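Dock chain B against chain A, hints included.
First to last, the protein sequences are chains A and B. For this note's numbering, add 196 to where a residue sits in the first sequence, where the first one is 1. For this note's numbering, add 837 to where a residue sits in the second sequence, where the first one is 1.
Keep in mind the hints are simulated off the structure, nothing from the lab. Please read these numbers as outputs of a predicted model, since none were measured by experiment. Check before you lean on any hint, since a few could be wrong.
What the hints assert, rightly or not - The following residues of chain A were derived to be distant from chain B, with all beta-carbon distances above 10 Å:
no.: 1; residue: N198
no.: 2; residue: F220
no.: 3; residue: V281
no.: 4; residue: A344
no.: 5; residue: G351
no.: 6; residue: R415
no.: 7; residue: D420
no.: 8; residue: Y443
no.: 9; residue: T517
no.: 10; residue: L627
To be verified - The list that follows gives simulated cross-link-like pairs (lysine-lysine, DSS-like), each with its CA atoms no further than 30 Å apart:
no.: 11; chain 1: A; residue 1: K597; chain 2: B; residue 2: K933
no.: 12; chain 1: A; residue 1: K595; chain 2: B; residue 2: K981
no.: 13; chain 1: B; residue 1: K862; chain 2: A; residue 2: K578
no.: 14; chain 1: A; residue 1: K595; chain 2: B; residue 2: K982
no.: 15; chain 1: B; residue 1: K1342; chain 2: A; residue 2: K272
no.: 16; chain 1: A; residue 1: K510; chain 2: A; residue 2: K597
no.: 17; chain 1: A; residue 1: K510; chain 2: B; residue 2: K862
no.: 18; chain 1: A; residue 1: K510; chain 2: B; residue 2: K982
no.: 19; chain 1: B; residue 1: K862; chain 2: A; residue 2: K219
no.: 20; chain 1: B; residue 1: K1367; chain 2: A; residue 2: K510
no.: 21; chain 1: B; residue 1: K933; chain 2: A; residue 2: K510
no.: 22; chain 1: A; residue 1: K522; chain 2: B; residue 2: K862
no.: 23; chain 1: A; residue 1: K597; chain 2: B; residue 2: K858
Stated by the list, open to error - A few chain A residues that don't get close to chain B, going by computed Cβ distances all over 12 Å:
no.: 24; residue: L209
no.: 25; residue: L216
no.: 26; residue: L223
no.: 27; residue: T225
no.: 28; residue: I234
no.: 29; residue: K272
no.: 30; residue: L364
no.: 31; residue: F498
no.: 32; residue: S518
no.: 33; residue: G534
no.: 34; residue: I569
no.: 35; residue: K597
no.: 36; residue: I606
no.: 37; residue: D619
Quick reminder that beta carbons are idealized off the backbone N, C-alpha and C, glycines included.
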Amino acid sequence: MNVELYVIYTTLLGVITILLSFKFKQLQTLVSIMTLTILALLVIQDRSPAGLIGLTSTLIALASSISSTTLIKEDKTFHDTLFLVLVSTAYLVASSQDLIRLFVYWEVMSISIAVLTTFEREEHSMEAALKYVMMCSSGSLLALAGIALAITETGASTFSSLAGASVLSKILIIVGFGVEAAVFPLHFWLPDVHMSAPSTVSAILSGISIETAAYTISRVAAYDPMLSIVLCFSAIIGMFIGNLSAYSQDDLKRLLAYSSVANVGYIILGLNSGVQLAKTFSLLHILAHGLLKASLFLLAGFLMLTYSSRKLSKIRGVASTSPILKFTIISASIGLTGVPPFLTFWSEAFILIGVFASQKYGLFYSIFLSIAIILSFGYYFKTFYTLVVPTTTIKQEEKLKEVLLIPILILIILAILLGFTPDPLIRYFNL
Amino acid sequence: MILLIPLLNLIGSLLVIPLHKLGRKVVEYFSVTVSGLAALLSIYQYLIFDGIIILGYPNSYFTFILDSLSMLLLIVVNCLGFLIVLYSVGYMGEEKDYVRYYFFILLFIGAMSGLVLAGDLILLYIFWEIVGICSAFLIAFWWKKPEARRAGLKAFTVTRIGDFAMLLGIGLIYIHFGSTYVPYVLSNVSNTWLAFPIAMLLIIAAVGKSAQFPLHVWLPDAMEGPTSVSALIHAATMVKAGVYLISRMYPLIVSSGATPVLVSIGLVTAFISGLSAIASEDIKRVLAYSTINHLSLMFIALGVMNWTFAQLHLLTHALFKALLFLVAGILIHETGTRLITDMEGILAREKLLAFTFTVGVLSLAGVPPLPGFVTKEHILDALSHLLPEDLSMFTSFILSLISSLYIFRLLFLLITGSGEKKVHGRDWFMLLPVLVLAISTLVGVLLLETISMKLFHEQVEIFHVNPIAVSGTVLGVFLAYLLWFKRLVNLLPKWIASLAMFANKGFYIDTLYTWIARWISSSGSRLITKLQCGIPSVNVMWILASLIILLTIVLLGGV
Chain A
197 MNVELYVIYT TLLGVITILL SFKFKQLQTL VSIMTLTILA LLVIQDRSPA
247 GLIGLTSTLI ALASSISSTT LIKEDKTFHD TLFLVLVSTA YLVASSQDLI
297 RLFVYWEVMS ISIAVLTTFE REEHSMEAAL KYVMMCSSGS LLALAGIALA
347 ITETGASTFS SLAGASVLSK ILIIVGFGVE AAVFPLHFWL PDVHMSAPST
397 VSAILSGISI ETAAYTISRV AAYDPMLSIV LCFSAIIGMF IGNLSAYSQD
447 DLKRLLAYSS VANVGYIILG LNSGVQLAKT FSLLHILAHG LLKASLFLLA
497 GFLMLTYSSR KLSKIRGVAS TSPILKFTII SASIGLTGVP PFLTFWSEAF
547 ILIGVFASQK YGLFYSIFLS IAIILSFGYY FKTFYTLVVP TTTIKQEEKL
597 KEVLLIPILI LIILAILLGF TPDPLIRYFN L
Chain B
838 MILLIPLLNL IGSLLVIPLH KLGRKVVEYF SVTVSGLAAL LSIYQYLIFD
888 GIIILGYPNS YFTFILDSLS MLLLIVVNCL GFLIVLYSVG YMGEEKDYVR
938 YYFFILLFIG AMSGLVLAGD LILLYIFWEI VGICSAFLIA FWWKKPEARR
988 AGLKAFTVTR IGDFAMLLGI GLIYIHFGST YVPYVLSNVS NTWLAFPIAM
1038 LLIIAAVGKS AQFPLHVWLP DAMEGPTSVS ALIHAATMVK AGVYLISRMY
1088 PLIVSSGATP VLVSIGLVTA FISGLSAIAS EDIKRVLAYS TINHLSLMFI
1138 ALGVMNWTFA QLHLLTHALF KALLFLVAGI LIHETGTRLI TDMEGILARE
1188 KLLAFTFTVG VLSLAGVPPL PGFVTKEHIL DALSHLLPED LSMFTSFILS
1238 LISSLYIFRL LFLLITGSGE KKVHGRDWFM LLPVLVLAIS TLVGVLLLET
1288 ISMKLFHEQV EIFHVNPIAV SGTVLGVFLA YLLWFKRLVN LLPKWIASLA
1338 MFANKGFYID TLYTWIARWI SSSGSRLITK LQCGIPSVNV MWILASLIIL
1388 LTIVLLGGV
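Pulled out of the complex, with its shape left as it was, chain A reads as follows:
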């Protein structure tokens, strides 16, 4: 079964149906959910890492899509169509075995991100979009040059033909695609874009898009050991940049965005360490991190909607009165520090063990990875302490409706249930 083709058709069908039903908002959401469900069922037919990426993407998207009914007030059609496209590109990019098609999917992904960034039509969104477009188009050009070079050199356009291509072509592709993966020093666009994009989009972007890009460049780097090592080092710098920058952020979404930079660092390090164990669990970390990070982003959206601010200093203690909100925030932020019973516990622990076994620099990688993870505790604790600990100043007239939290809760419970044992996932997707 050619999953790739079915995914494209399903997405197109979904997009067209949404466009046709532009007058009925509820119907649009229903169509989105149905399309996403079909997509989820399709991608799990692919028992490969790409299938896992697709599954992560659709799971996050389902939760976001349900939340979008309250989060997205206007231009629902515009949002829903592009959102669907963005979600499906994650699987397509990850599964693509052909360089030209990969590039096309990549461009579709970039364009949908760029357009969704300008969703709110405000000055800062425009600025963020401009930044993104400038960086990503430069990156795309480089990648295109690299792909062209590789095809000329080898005469084939399959992904595996990269093995015979020159180093230059691989470098061009890695640097070009590295922009999207937010590898250091190409991550500058990320925090701004996250701040401007709607929370539903940030959830996808941070939860799966940049990870997909990271997976893709790691696939390219796998053909050249030297490039893998360089990527590992850049990932380590990225972890520290991400975690340290997160400390000084007051804006919740910006903080989360920086923490994603750090988490992509863990994933890239694991994928490029050359150890199978680390690779397996890095892929698992994509799912584990995606579920929890997406839930926090959606939550940030709801908080913004209810309290019209995302600044931590202004929404102190807002979660103190609602036990469900408390549970959501605490478990998502504690989960991201990698503790049981969350899936992140397994992924972070085994990435660490895996990179430790790496032939070269294993000790170096593992020490820096541990320090980076330890550094992250401070701001995750800060986040939930600020939101959960009661203060006297908050107004309680406006209260978040707890029903809205159900999709977020499902994501978190999923992260806990899958956390009991990672084996079935690993076996199913042949990670």
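Coordinates of chain B only, in the frame set by chain A:
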């Protein structure tokens, strides 16, 4: 049946959440019943115990081992856990967030029971982490207070530094032995060079969890939590996990030759913590430093090949430390302060509490014939196997002197002085556990004998006297009597007071760490934020720069 012991508490903790709808009393009695059942079961298991029981599924992480080591810990954890839950009914009687409290307490006890039963390192690590989270949340229980929040975060962070070392140790074990099943690993300990790094990593893990130097800073701050939690952390769970890990992996540690490291860590920690305890002004901090002090004794015992006495000291320490904390808890509950100066003389008016507290103090200081004396004596005596004769005598003299000095200082300050504070009324929920613990400390030597015979097949020599150590203790009592009973402390020269200030601050080790952490999280973060400017053209230049850098690296790398 054995698994029921941890499961009772683990499932109980989950049931607390729906039960709170039925009211406070239901939750309280439910928690007491659950932990009581677990305690009864563990005692029953002890009575029928004869040899190792292994439960589990081949080729999975879920294997459990019940041997003499885990049996001892299981009893300590569950019996003390039960007494502390009972005590909590009184101590946390007016607390609004009681659901969160009982949830974490039961989870804590359950996870610790699971930890000591785990037969596989991965499983052990899972429980190890759960214990860590529970303690962080319980320490930060009163999270409206910024100090409590900070203490919770600190406990979590500092202990997880050790946890990562443990993870790497498990990784090495897995790579080297191809399995993380404890008996398999221990039976295959060969003299490879890898044994030493593995042992060191496990020791770092234990140092973090058991609050030894240089990772001891979280424990004194952990006093921000409710006193019942402190009692649980200090006597039964959490800090004992580190000692347990070393004891469990003992053959590996011994064959790697890392035991002198244990002794050195233990000695440094014993001195630092003892001196800090003498100077502390907070009743709970004195007890906290004293826990660190006694844990370092266990480390020393393990380092000098006195494995059995490390375990027996763990038992005696658990008894008297829980006792002291619970009495201190009553005092704090009634006076609303933790400063010793504010509760001076309070025990003089409260005979029952004074008596129980004194029992704890005497056992802690190592006064015969209380159990603390027996185990401490043996450990200090064993020092002479490792250190030169003179040095070992000197060390045991100083250690005994310091420990009797700090604990009798506390006792004398509490029974003399002109404070006005009083204890009102009696809460039997709080008094009952205190009495049980006092009685078991009094008959502790008998307990020691029977448990040692049954579990470790070793006869405890009760009247084994080390004259040097005993004279240290006596001198300590005498000095403390002069200084704090007769109140001659003000006659001391000024420089001693400034030294005491220095020791009270924990030798500024904590301040140094805090400074570093703050520097990283503020200055480091500001610096990094500045590095990333938001000008698109500059950012695009970065792309080209990285392209060039990558090319250079690869070209120079000769690919």
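Practice item. Output the numbers, in ascending order, of every earlier hint that fails for this structure. Key: Violated hints (numbers, rising): 7, 8, 13, 15, 17, 19, 30, 33, 34 and 37; every other hint is consistent with the structure.
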